Amino acid sequence: MALAQTKITATQERLNALRLSQSGWSASARADAHGRVIAMGLPVRRDEYWKYTRPDELTSPNVINAEVSAEDNTSIFGSLDCLSIVFEDGIFNAEKSDKLEDAEITLELLSEVNDLDIHWATGLYGVLETKGQAPVDRPLAALNTAFAREGLLMHVKGTVAKPISLIYLQNSDNDDVMLHHIIKMDKGASVTILESGPVGARCNIVMEAEIEDGASLNHVRAQGRNHERRATTHLFARLNKKSQLKSFTLTMNGALTRNEAFIEICGDDSVAHIAGASVGDGAFHHDDTVFIIHDALRGESRQVFKKVLRNGATGVFQGKILVKPDAQKTDGYQISQSLLLDDDSQFLAKPELEIYADDVVCSHGSTSGAIDEEAIFYLNSRGIPKVEATNLLTLAFLAEALSEVEDEDIAEVMERRLEDWLTRRL
Amino acid sequence: MLEIKNLKVSLEEEDKQILNGVDLTVNAGKVHAIMGPNGSGKSTLSYVLSGRDGYEVTDGSAHLLGEDILDMEPEERAAAGLFLAFQYPVEIPGVGNMTFLRTAVNGQRKARGQEEMSAADFLKQVRAKAKSLKIDADMLKRPVNVGFSGGEKKRNEILQMAMLEPKMCILDETDSGLDVDAMKLVAEGVNALRDEGRAFLVITHYQRLLDHIKPDLVHIMADGRIVKTGGPELALEVENNGYADILAEVM
Ligand SMILES: Nc1ncnc2c1ncn2[C@@H]1O[C@H](COP(=O)(O)OP(=O)(O)O)[C@@H](O)[C@H]1O
Ligand SMILES: [Mg+2]
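So the protein lines, in turn, are chains A and B.
Residue numbers are given in numbering that gives the first Met the number 0: position 308 of the first sequence equals residue 307, and the series is strictly consecutive.
Residue numbers are given in numbering that gives the first Met the number 0: position 47 of the second sequence equals residue 46, and the series is strictly consecutive.
Bound conformation, chain B alone (with noise of 0.2 angstroms):
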């Protein structure tokens, strides 16, 4: 699904490494977490992948279903299947949520040259998927994520990728500033997206979210690289004793 091979990227303005090689496969069905200290490259890691601008890729590749995704453009990327859930969602002021939800599905669709969704067919979806992530009519009305509270942002992502059924996931920290029952829904959304022809990475600083999204493998990421690769126990020991054993024994 997702291959990535010697990943090394800088920033643009200044001249500064931020990814040192990240080798990272993710195969169809599968479910691999990234945990890792602040600051060793997860976000830069999950926004490379999705095409922001100000990132320069300097050596390595990654490829998105066997298609090289690193020329392609952000909406390219997200018509060939990729969706990243954003650790910090935008707000968009006048901009209903229904209508960038619609947009996005049927732009989506376009790309592929499929037929738009109707109308009839897109309320009925959006109404049932928001209800199961407890997602009020107002909420849909309301400017994307404007005067959300956090909570509120990240299930809205999570409504987001359950419309537009990507291919692979990528979740950045979505279960920061959750509560125990907002953590449940969204991992139950992410639990009902699970499937052979889908892919996750989700990124998460706690075993927490881990106990509702059985991850196959958990990757600990440092200084801008995977260092150290395990079954789902990994995020135990991170959870029980930090990164610093983990660390001095891969440095």
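Same shape as in the complex, but just chain A (with noise of 0.2 angstroms):
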């Protein structure tokens, strides 16, 4: 199908900002994508996977200024212990950072690799992300792909004890920022991913992670509250035999937020888990967009997530669980909920779910509501006041997102950082 014209010139006008490296071992994946992005077209608010959440802001080759914000530029995570790797408008920061040394894991920059012509990544890099465009496509991760000059290459191969914490602060008021990682999980290999902090006025995030038989990868993130900040998010995953992923995002703040998630259940008795608690005030619009393929016996997936707005805040969620024919036994969960903490506020919610097998469970629920005026009643009545009653129920509200962070320490952090918000705002 031919592109529109204005698709075209918007696709070209980006296109012609960036530049793209023709060297070294991911040359030819680079490549592939920049045609990828050429023939899909950027996206623009009339694609029917943009319904819902305008593309502009993200694609314009101009970016909007967000004010660097002390308070955002440390990392939520600091207080755990955690092996730190900081990146500074998107460029890694050495000072600033732990060795990159683990026995279990090894840990690669894309800056410093790309211009090997050999790499072990070369089999994964953008081989998820070009998975990942059908049925939909996704041409801000194969933007990314193609120009991402930053990143870690992650290879576990064990155990890693410690938590991989990726810190990204912000220096400038404007910078573009695009970071490409690799997650290549041996197998039987397990290891917890976190990311927190403001990373760039503007920024395209993409994470491939291939998960061997037995592999558990734990992914916590916590993004940026800067309220100028615009971020677009891709985690594309491969499941094999008996993996677990479990990805927990956490977004305050921010202009513009789409999260993208695109999970293959592929080896039998495999579980992936996509959750996320939100808080928004005013200009605040975030998308989670989740697409999970159930092909292998046995699956568990599970989709939680919870919106919190208020003062004319947005929150969009389109959610689908496809099941192949083949994948028998599939146990498919999703739930998407807002609560609205006053009229102008708004959730916009697309579930959807594809069903080709015969023998699975598969159940999935959106609602949308206002604060339960009978329990603050019943609250106050024992004493406690409004703004700590709306505390109460709404961190209540958040708690089933919230509980699917296993990590009893990391949990606790981000929900201490929500009650912060809460007291702050409320």
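These are computed hints drawn from the structure, not numbers from a lab.
Only a predicted model underlies this, so the values are computations on that prediction, with no experimental measurement involved.
Glycine included, every Cβ here is placed at the ideal spot set by N, Cα and C.
Treat the hints with care, as some may be off.
Stated by the list, open to error - Pairs of lysine-lysine, DSS-like flavour, derived with a Cα cap of 27 angstroms:
1. Lys-166(B) x Lys-123(B)
2. Lys-50(A) x Lys-98(A)
3. Lys-323(A) x Lys-240(A)
4. Lys-140(B) x Lys-385(A)
5. Lys-128(B) x Lys-152(B)
6. Lys-166(B) x Lys-227(B)
7. Lys-166(B) x Lys-385(A)
8. Lys-152(B) x Lys-140(B)
9. Lys-385(A) x Lys-109(B)
10. Lys-385(A) x Lys-227(B)
11. Lys-245(A) x Lys-385(A)
12. Lys-213(B) x Lys-4(B)
Claimed, not checked - Estimated spans, in silico, between C-beta atoms of each pair:
13. Tyr-87(B) x Asp-330(A): 35 to 43 angstroms
14. Lys-385(A) x Gly-65(B): 52 to 60 angstroms
15. Gly-364(A) x Tyr-87(B): 25 to 33 angstroms
16. Lys-140(B) x Lys-98(A): 37 to 45 angstroms
17. Asn-92(A) x Tyr-87(B): 53 to 61 angstroms
18. Asp-194(B) x Ala-69(A): 54 to 62 angstroms
Can you join these two chains into the complex? Each is in its own frame, and there are hints to help.
What follows is the structure in structure tokens.
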């Protein structure tokens, strides 16, 4: 199908502002991705997949300024015992980082190895992203594959004791940051990857994770609190036999956030949980777009998304479970809920199930509601003031999503951050 | 303790008057019972006193320990010493019973300018009081009233009352839906709190509860006002003959 001229023009304008790296092992993957971007065109508002979210600010050659916020420029996970890897405006900062050394994991920087002729990531870089382009186009991910200069290439060989904490600091008001991470999980390996920090005025982050048999990837991220930042992220994961992926995202503030996940369960008896809690106030637009494919026996997937919206904030959820004909005994669960703290805020949800196997259990639900006034009165009548009562009920609403975070220390840090957010705002 | 004068209340949404001039004075150390047919306005009175939205006071006044409470927020009334055991306790998914109790206790202390109760003291108190009401550890951990049986909800109300140590306790049909044993527990819970500085207003349909919680005075409410007041024998009369005779006599 021919692309609309406006789309071609917009795509060309954006591409003109970027330079494609021609050297090293990733060159052909980058060239292919560049080709995909041209063929698909960057998203425009009329695209079905972008019905609820305006992509303009994510695609335009110009970045809208987001003033650096000192408050946001620290890691929420700073108090935990982690191996920290710091990026500033998308550039690795060795001084602020811990040494990239652990016997169970190899960590390399894309910027440092990009010009090598041979690298283990060759069969992975852009590969899951390419697979994720069907049945729905994800041109911003292809754009990232083509042009990202920095990222971590992680080869996990065993059980990594400490979480790997990627910290994204922001120093300039108008940086446009692209990061592309690769995670290769060997059989039986396990690791926790944390992401946090403001990143930049605009960011486009892709993570591709190949999870071998029996491996377990735990991913927790806390997105930047800068009110002006714009972010698009993609998590591509492929699960082999008896493997596990848990991914949780906490989002507070941000003008525009689009988090996509494309998860393929290819090996039997595997588990994928994708969850998120987001809270937004005013000019806040937050979009979770999740696509989970079951293509193996006895797979379990869960999507749990909770959004608290106030002062005209907008929440979006597009979630799909696709069960292929042979994926018998699939257990799929999806819930998306919003708590609207006023009449100006809105939640737009498109939950979808597409099931071709007959012996499966799949359920989905989506709700949008106001705070329960009966419960508020009950709490008030016990001496709990309105603000505190509202906070209690709001945290209670988010609890199901937060409970997806298994590590108690990590969950606690995030719960406290949410409490702070609520206390400051209500 | 509680002084209600000519209280007239309408619904905010509809132009319907529900309380048609309630007069009632409860002194410290006393237990008053209110009985009356369904729909006579007993719950409305308890809600209006505790500050629920949706009602408009068109006339009259209500004072607690000399303070006009009708302009206070519900949490201010609670801090001032008012407590309502709800006829229908509210379920609050996601908020643990303990968290709820601690937030309430400390919320009131803060409002009164007192120090927070230490975590250890709080735990000790909750455990002891829960035990005497046969509330187990599991019920304390579970979300407030979620999945509780009718009787458990009512016992949970009494536990809150015991922890908050209010001055003026209003119990709205706390006995309905309880079996004999549960009712005894509730009555014991109430009796344990009876003292010179505290008063109770017990709304009930049944003499049964009043066998265990001996009232000083019994009021009959009908059509939004107190139509008759008497001693404990008035409750017996209701139990034996229903309301028809009394209403015929006063109306
Ligand atoms: N929120 C309300 N909306 C409509 N009618 C109400 C409301 N609250 C109370 N009423 C009416 O007021 C009257 C008194 O009710 P209530 O106080 O619950 O009586 P009681 O507790 O004595 O049974 C009833 O006729 C009831 O239908
Ligand atoms: Mg009633």
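Hinted pair Lys-140(B) and Lys-385(A), Cα distance within 27 angstroms:
holds, 23 angstroms
Quick one: are Lys-385(A) and Gly-65(B) within 52 to 60 angstroms, going by C-beta?
At 26 angstroms between Cβs, range violated.
Agreement of Lys-166(B) and Lys-385(A) with the hint, judged by alpha carbon distance not exceeding 27 angstroms
Satisfied, since the Cα-Cα distance of roughly 22 angstroms is no more than 27 angstroms.
Would the pair Lys-385(A) and Lys-109(B) pass a check requiring their Cα atoms to be no farther apart than 27 angstroms?
holds, 14 angstroms
Against the 27 angstroms threshold, does the CA-CA distance of Lys-166(B) and Lys-123(B) hold or violate the hint?
Between Lys-166(B) and Lys-123(B) the Cα gap is close to 22 angstroms, so the pair holds against 27 angstroms.
37 to 45 angstroms was suggested as the range; check whether the CB atoms of Lys-140(B) and Lys-98(A) agree with it.
holds, 43 angstroms
With respect to the beta-carbon atoms only, verify the hint that Asn-92(A) and Tyr-87(B) lie 53 to 61 angstroms apart.
holds, 59 angstroms
Pairwise hint evaluation, Lys-240(A) against Lys-323(A), where the allowed Cα distance is 27 angstroms at most:
Holds, at about 16 angstroms.
Is the straight-line distance between the alpha-carbon of Lys-245(A) and that of Lys-385(A) 27 angstroms or less?
violated, 35 angstroms
Beta-carbon spacing of Asp-194(B) to Ala-69(A) - inside the hinted bounds 54 to 62 angstroms or not:
holds, 56 angstroms
Between the alpha carbons of Lys-385(A) and Lys-227(B), is the straight-line distance 27 angstroms or under?
Outside the cut-off at roughly 38 angstroms; violated.
Does the alpha-carbon distance linking Lys-128(B) and Lys-152(B) stay inside the 27 angstroms limit?
holds, 15 angstroms
The earlier numbered hints that this structure contradicts are 2, 10, 11, 14.
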